[in-house]
Amino acid sequence: MSITRREFLKRGTLAAGAITLLSNTKLKGMKKYPTGWKGRERVQEIPSICEMCFWRCGILGNVDKHGKLLKIDGNPIHPLTHGRLCARGNAGHKLAYDPDRLKYPLMRVGKRGEGKFKRVSWEEALDFMTDKLKKIKSEYGAESIGFFPHGIQARFFEHVMKGFGTPNIVEPAFAQCRGSRDVGYKLTFGNSVGSPEPLDFENTDLMVFIGTHIGENVFTGQNLQFAEAISRGAKLIVVDPRFSVAAGKADYWLPIKPGTDTALLLAWMHVLIYENTYDKKYIEQNAIGFNELKKHVKDLTPEWASKITGLPADLIVETAREMGKYFPKVGVHPGRHVAWYGNDSQRGRAMAILTALLGSYGRPGGIYLSSKIPAPKYPSGKNPKPGPRADGAGSIYPFGSRGLGITNGLVDATYSEDPYPIKAWIVYSQNVLQSIPDPWKTKEAINKLDLLVVVDVLPMEQFLYADLVLPEATYLERYDDLYTVKNAKIPFAAIRQPVIDPLYESKPGWWIAKETAKRLGLEEHFQWDTIEEYLDYRLSGLGVTLKEIQASGIVEYDKGTPYYDFSKPVKFKTASGKIELYSKTLKDYGFDPIPVYEPTDDVPKGYFRLTYGRSPVHSFARSQNNEILHGYMPENELWINKQVAKKLNLLDGEYIQVENQDGIISSEIRLKVTPGIHPEAVYMVHGFDQKSPFLELAYKHGASDTYLMSRVVVDPLSGGTGMRVNFVRIVKNGEPIMIDGAVSVVSQFKKTKKGDAPKRHIIVPEVHEEAEASDEGC
Amino acid sequence: MSRYAMVIDLRKCVGCDACTVACRTEWDVPIGHSRTWVEQNVMVGEFPNVNATNWVAQCNHCDEPSCIPPCPTGATFQKKDGSVVVDTELCIGCGFCVEACPYDARYVNPLTNKVDKCDFCEARLGEGLLPACVTTCTGNAKFFGDLEDRNSVVYKKVYREGAWRNENENASIGPNVYYLGTPEQLEIVKEKFGPRQSRMATPAEMWKDVIKPLVFTAVAATFAGQAVAFFEQLRKGEEPIDE
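Residue numbers (the numbering used here), protein chains in the order written: chain A, 1 to 778; chain B, 1001 to 1243.
If you're looking for bench data, these hints aren't it; they were derived computationally from the structure.
Don't be surprised by glycine CBs; every beta carbon is placed ideally from N, CA and C.
Just so you know, not all the hints are guaranteed correct.
[Said to hold, decoys possible] Residues of chain B placed beyond 12 Å of chain A at every Cβ, according to the derived structure:
| hint | residue |
| --- | --- |
| 1 | Glu1127 |
| 2 | Asp1149 |
| 3 | Ser1152 |
| 4 | Arg1199 |
[Claimed, not checked] Derived BS3-like pairs (lysine-lysine); straight-line CA-CA distance at most 27 Å:
| hint | chain 1 | residue 1 | chain 2 | residue 2 |
| --- | --- | --- | --- | --- |
| 5 | B | Lys1156 | A | Lys672 |
| 6 | B | Lys1190 | A | Lys235 |
| 7 | A | Lys507 | A | Lys518 |
| 8 | B | Lys1114 | B | Lys1156 |
| 9 | A | Lys647 | B | Lys1192 |
| 10 | B | Lys1080 | A | Lys672 |
| 11 | A | Lys103 | A | Lys691 |
| 12 | B | Lys1080 | A | Lys38 |
| 13 | A | Lys489 | A | Lys372 |
| 14 | A | Lys38 | B | Lys1079 |
| 15 | A | Lys584 | A | Lys257 |
| 16 | A | Lys38 | B | Lys1114 |
| 17 | A | Lys235 | B | Lys1156 |
| 18 | A | Lys507 | A | Lys103 |
| 19 | A | Lys646 | B | Lys1192 |
[Claimed, not checked] Pairwise CB distance ranges (calculated):
| hint | chain 1 | residue 1 | chain 2 | residue 2 | range |
| --- | --- | --- | --- | --- | --- |
| 20 | B | Lys1156 | A | Glu627 | 33 to 41 Å |
| 21 | A | Asn649 | B | Gly1174 | 41 to 49 Å |
| 22 | B | Tyr1159 | A | Asp314 | 36 to 44 Å |
| 23 | B | Trp1037 | A | Tyr140 | 54 to 62 Å |
| 24 | B | Asn1151 | A | Pro312 | 29 to 37 Å |
| 25 | B | Cys1094 | A | Pro312 | 39 to 47 Å |
| 26 | A | Lys732 | B | Asn1151 | 34 to 42 Å |
| 27 | B | Glu1191 | A | Glu627 | 29 to 37 Å |
| 28 | B | Gly1174 | A | Ile739 | 49 to 57 Å |
| 29 | B | Tyr1159 | A | Asp299 | 50 to 58 Å |
Between the sequences and the hints, there should be enough to build the whole structure, so can you do that?
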């Protein structure tokens, strides 16, 4: 063996190197490790407002030097969200960069439903639409055009529609969502609740949720207030047949038998009144009808309610006493989606009356007051006097909103051509087949149309049936109307401005509306030349220009204290000027002046009540194609009670189908076997099993609750659709899972679907107030 | 000196996944993998006596990280501020550390073939920003700061409010993500989300306890042998050939 000195030294170094590698520590800090952080590529943060749902939180679009959107952050100066953003808001850039986006105006070439289109120019598209609209108007009148808007982006087009003369403007935010609640509160306090619900969680000592599932139904601002209240030690009562995230934080979870909430509310009133623990002074000073109420609830004891609700009577008493202990600092959440059983306005009334007994309306810790924001409307030509409505708002359904309309009323009218034919629909950012129950009827109604125009960002299901498709720019690519938030302790206005340039040939809503107006001879309704000019005008009432707030995105408007001053007599906006525990208005219309418990149909043996709700990673049926959000929740699950599942030999995670009372079978859905749901009910998150094959990710994933809603019970006050009146049984391998003594109920419930339909008669409503759609969404 | 730490208040967390999406977009974490993850509404009990918690987890930046010893290249190391990071230039994607982490906080990024995990948003901290998950949390349930700083929010939550470390008999390595929660919530966490045993413990130990002395012995033996040979040559008077 021969070795040189150099060789010897070299080998020694190698050996030393091996020791270094093994010791793991020598390299510490020796190299600059690359992070690849795209935050450093950011050249601009552009403030705007989100539209992944309708809450419109403040965002900052992080853009690189090529104009590409890197990431969305929360806007730290947003008065409600303080720079925080939910999962959907954080995933917003995937909407703009969704490969399935509508890219060009399209005109149908195949049959309706086939989804065959040809690309056309904007010029052709708008000419085609406006020629058709003019023709339909001259033949059938402007009222034969129905408009289905959603969101502030649709405001400009709504302006066109009003100028063109149609009264039939309808949003699901009312009849499929919060309408009945607003009716109940308005009848009681003279004001509907509005959005976001002005709950003073900052000061509340006790929160009461009835079906409200904050944490799953996410508005960042409300989430934050809720979490801070919990952290502060505020108590929480949750009434929900399902163990929601909120229930997990509650001091009391009341797993109520679905459909019996009004009985519980009446029993709570009974305890408060007969134990004399309500806010006596507040009621004496501000309310009428207390004696009638007292008499009304005399026999509605906790024991009575216990038999109906399945809740122990002592639990009902205990929770009522908690409220009696903490009033007026009790925040009874009015709820959000409340279109449940068709008696929902009266339940809303009961919640409002409870709030009144606790003295918490207009008081710290309860519900605070909203104020108008002085943002003037841009001067416009006068709208023609609209003809009678077809949806029944203000006539068949006397308390139906004339601003938001009744979607199902307009679908019914289109389907039955009663009271008159509806010949055109313009569906704007809505998903009518996934948001309005009984989509088969909706499809049949569509078949009766001469024109269906869809304005949207993605090819949602109704796109398949459209005659004309107009691709709108996403919320990240456009200006929209000013967003004013009056339900904040310090009200504010926020602007939406483009973070990136519109992709493909998509156009902002204001441009589409302005061009349409031009072709319809409605130029005087759009007297502004640029959107900046329009926004400047609206902002002038707040003393700022668009330019001044473009860097912040937000302007606050301090209106002082958001509570009533009870040292002076307070005038409520009801007929009597007082809080109406007893409503003479309702009595005059032939309704119960004080809410009574109206039972809903019992669940047939072998079936479950189909309930549904929201997920924090999806918005309605709108976000399922978002790459990130789809990654989190590609499909929904069917919650079923653990003991029930055991009895039926059903396993967690297995795929089943469900069949409803009319024999309609769902797509496959995965079972979630859980202790957290009432044995009578099953539950799924809304918005899945999308039927548009042009949505690559969302297509045919999970099951659709809407497609199982072949039955609704319509609320006679508001026209809202009670949708939790559908019953399903489990189908496994094509066979229904049988329970002893259970029989199929197919056709048993058909009658209620149409049999009870009130007679349609045209009433031209008097205009009491400027009927305007709010931009509050659902 | 500083010691970065995070406190997660499960009483405030609603399990909404805002934090995990913010992290994903901040760091381009591919779908199917996560630097931080959430489980919403994890229930125990029987209807109607149910309890639940939401669960948020991520790299714990442990005092004695079990991911460092098995790393064959030194890519994983602990910084002076206590955070454990991965030098992606040195990482060979072998995945030993992924197996070693008792919290399953690491993954091999399929796009880069490198190990990735939470680094407390080091780059954001460098620009004076908080970690992305903390900034976006819709329940204000995540807190970040320096445990050595008596005025920091995490100091208060750990030393005054008694935030809890997720340790058990499987792993007790000083995690620096602390939790606050009701006793019921923490009970569920202990039952369902406690650390597992470090799976590569044996090979890792081998590196340290077996291979290392072996190599030392081998190196020393070679060195000694060569020295002997060298001096033998010298003694024999043979001239070494120098190239």
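Output the numbers, in ascending order, of every earlier hint that fails for this structure.
-> 1, 5, 8, 10, 15, 24, 25, 26
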